[in-house]
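Chains as they are written, first to last, in this note's numbering: chain A, 534 to 693; chain B, 5 to 366.
Errors might be hidden in some of the hints.
Which residues of chain A face chain B? A partial, calculated answer using Cβ under 8 Å [as the list claims (entries may be wrong)]:
1. I604
2. T605
3. I608
4. N633
5. E653
6. E667
7. D669
8. P672
9. S676
To give an idea of the interface, some chain B residues facing chain A are shown, with a C-beta separation under 7 Å as derived from the structure [unchecked claim]:
10. L16
11. L22
12. I24
13. C27
14. D33
15. V35
16. R36
17. C39
18. V40
19. R42
20. R89
21. S93
22. S127
Think of the hints as simulated: they come from the structure by calculation, not from any bench. Glycine included, C-beta positions come from ideal geometry on N, C-alpha and C.
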Amino acid sequence: MAQEASSSTSSKTISLKTGDGEIFEIEASAAKQMKTVQRLIDDLGDDITIPLHNVFSKELPKIIEYYKKDITGEITKDFEAEFVKDLNDDEVKVLFLAANYLDANKLFEFLSQNIADRLESKSVEYVRKYFGVENDFTPEEESKLREERAWSFRGIKEDE
Amino acid sequence: MMDHRNDFSNWLDPDTSLKIFKCLDDPADLVRVSCVSRTWRDFVVENGLSKQLCLRMFPQLSRVACVVELNQNGVKGHAEVGSSRSMESLALWKDHRVFSYFARFCLSPIAMDCIAKAICASSTDNFPQESIDQTLEERDNIAGRFSYWSSSGQSNPNVPETLTYQLASQICIIKEINIQPFQAHFQMGSPIYSAKSVRFKMGHLKASLNDLSDEMFVWTYTSPEFPMAQENRLQKFMLPEPVLCIGGILQVELLERVQRQEMDGLLYICVSHVQAQGIQLSPAFTVDILGPSGMFVLKRDHRANCQPSATSEDESGEITTDGDFQQIVDILRGHAMGIGAVDGWDEEEYEVDDFVEDDDVL
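With the sequences and hints as input, model every part of the structure.
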């Protein structure tokens, strides 16, 4: 049974290595919020550099930034709004998948809501492209659906 | 069992997507999600997402015991042909059809006055000139005659009053209630007989009434208290969230009197007009209230595929009441006026509705 990582010094940092070979530092208390990372620490020890094959140098700093704020209890609505303000839909997608992989619950919840918000009033075609889904309705089914749901197709944003 | 994993999305699995879909709070978005592909549509249906969204918007729906579809001939979900669907699956598809249609109404920007009839007032000073019926009339002066309701006088300002109304549809979404207190220009100083604050209740008639006991109604919603201004204008009281009124009964509670009548030194409350702005869900939807439990059956009539639109009170076909209910309303009105059942009323104006409920009666 793995022993709990010693929290004797609050300034203890963990080294994380991304899938593209870059290394980033994170406080142990922040790492604890990401269950996948914590599991790896429990298995490998906290002195070793933790490999994160599915997370890359583009997104990891952003995730670290989020949890740095989290451990000081400073996450506010304003911070969250600012956090995603300049991210496009694809960048949010990548962060979301990384948060899922890292089992970083708080960030995952926040990004789920953000993706749902971004989908608001987007067209069906946009949603298909974004999620990479193929349309398997026949043309007749599709036009019947559109007819039935005409009320919800008003007010669609222009695809970005 | 359908395996969603392969064709669900190139980066989302069912669990993560469920997380995202549950965050959608606009019914239109959920509808569009179900138009993306067959797999996604099945996913929305099988996870009951339409129903969950409606429940979040209107917690009053938690009292739905079950859902019934009427006049459904030929209307079937796309994937329902064939007998391979289980009972559970059929129920889920039915829920989806009914709740996604229900959600349409929530999005309608149209709002109109949903009050159809006055039932009774807690007290009335001069009957019938100052009866609750006068509050249905928007103008406070018609050809020299004033149109308003007046309570009886009290020396204690804390004696409240209530005005009870029947809505145009047994099931309505109410967003806002508007009240205009009455200003007595014919009295010295033109006093305004408003109340200090108001509160609203919504509910249904009690299933069984043995006698005219205290509480004839079951209230399923009580609003917060709103301060009322002592001003002669149509004051708007917007509910914190739109409320689903099931049973079609609205009560306005007028709390605390502020205006004394010089002539007798008593405190009165007088109201010139009351409106309840919202959306009528009949005839597309009707309800049957099940006994004392307050649970109800939500019925969707596929014959009635109307868009929510302004209808006049004359289309009384939409008022789904049965003979018993109307009789009780009439007795209550008589009781409140302190006279016999329907004596002294212009009966032509208030005829029993001829729309008859289906088999299930209260």
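Consistency of the hints with the structure:
1. The closest approach between the C-beta of I604(A) and any C-beta of chain B is roughly 24 Å, which is over the 8 Å cut-off, so the hint fails.
2. A cut of 8 Å between beta carbons decides the hint on T605(A): the least distance to chain B is about 26 Å, and the hint is violated.
3. Interface hint at I608(A): violated, since its Cβ lies 18 Å from the closest Cβ of chain B, which is beyond the 8 Å cut-off.
4. Interface hint status for N633(A): upheld, as the beta-carbon distance to the closest one in chain B is roughly 6 Å, under 8 Å.
5. Restraint check, E653(A) versus chain B: the minimum CB separation of about 6 Å is within 8 Å; hint holds.
6. With its C-beta approaching chain B no nearer than about 6 Å, E667(A) sits inside the 8 Å limit, and its interface hint holds.
7. Annotation: interface hint on D669(A) holds; nearest CB of chain B at approximately 5 Å, less than 8 Å.
8. A hinted interface residue such as P672(A) counts as satisfied when its beta carbon comes closer than 8 Å to some beta carbon of chain B; here the least separation is about 13 Å, so the hint is violated.
9. Because the closest C-beta pair between S676(A) and chain B is about 11 Å apart, greater than 8 Å, the hint is violated.
10. Because the beta carbon of L16(B) sits about 6 Å from the nearest beta carbon in chain A, less than 7 Å, this interface hint is met.
11. A cut of 7 Å between beta carbons decides the hint on L22(B): the least distance to chain A is about 10 Å, and the hint is violated.
12. Using the Cβ-Cβ criterion of 7 Å, the hint placing I24(B) at the interface with chain A is satisfied: the shortest such distance is roughly 5 Å.
13. A hinted interface residue such as C27(B) counts as satisfied when its beta carbon comes closer than 7 Å to some beta carbon of chain A; here the least separation is about 3 Å, so the hint holds.
14. The beta carbon of D33(B) comes within 6 Å of a beta carbon in chain A, closer than 7 Å, and the hint placing it at the interface holds.
15. At its closest, the beta carbon of V35(B) sits 4 Å from a beta carbon of chain A; the interface hint therefore holds under the 7 Å criterion.
16. The restraint placing R36(B) at the interface with chain A holds, with a minimum CB-CB distance near 5 Å, inside the 7 Å limit.
17. At about 5 Å, the closest approach between the beta carbon of C39(B) and any beta carbon in chain A falls short of 7 Å, and the interface hint on this residue holds.
18. Against a cut-off of 7 Å between C-beta atoms, the interface hint on V40(B) holds, since the closest Cβ of chain A lies about 5 Å away.
19. With a least beta-carbon distance of about 5 Å to chain A, the hint placing R42(B) at the interface is held under the 7 Å criterion.
20. A hinted interface residue such as R89(B) counts as satisfied when its beta carbon comes closer than 7 Å to some beta carbon of chain A; here the least separation is about 17 Å, so the hint is violated.
21. Interface hint status for S93(B): violated, as the beta-carbon distance to the closest one in chain A is roughly 19 Å, over 7 Å.
22. Hint status for S127(B): violated, given a least beta-carbon distance of 46 Å to chain A, over 7 Å.
Violation of the numbered hints given earlier is confined to hints 1, 2, 3, 8, 9, 11, 20, 21, 22; the remaining hints are satisfied by the structure.
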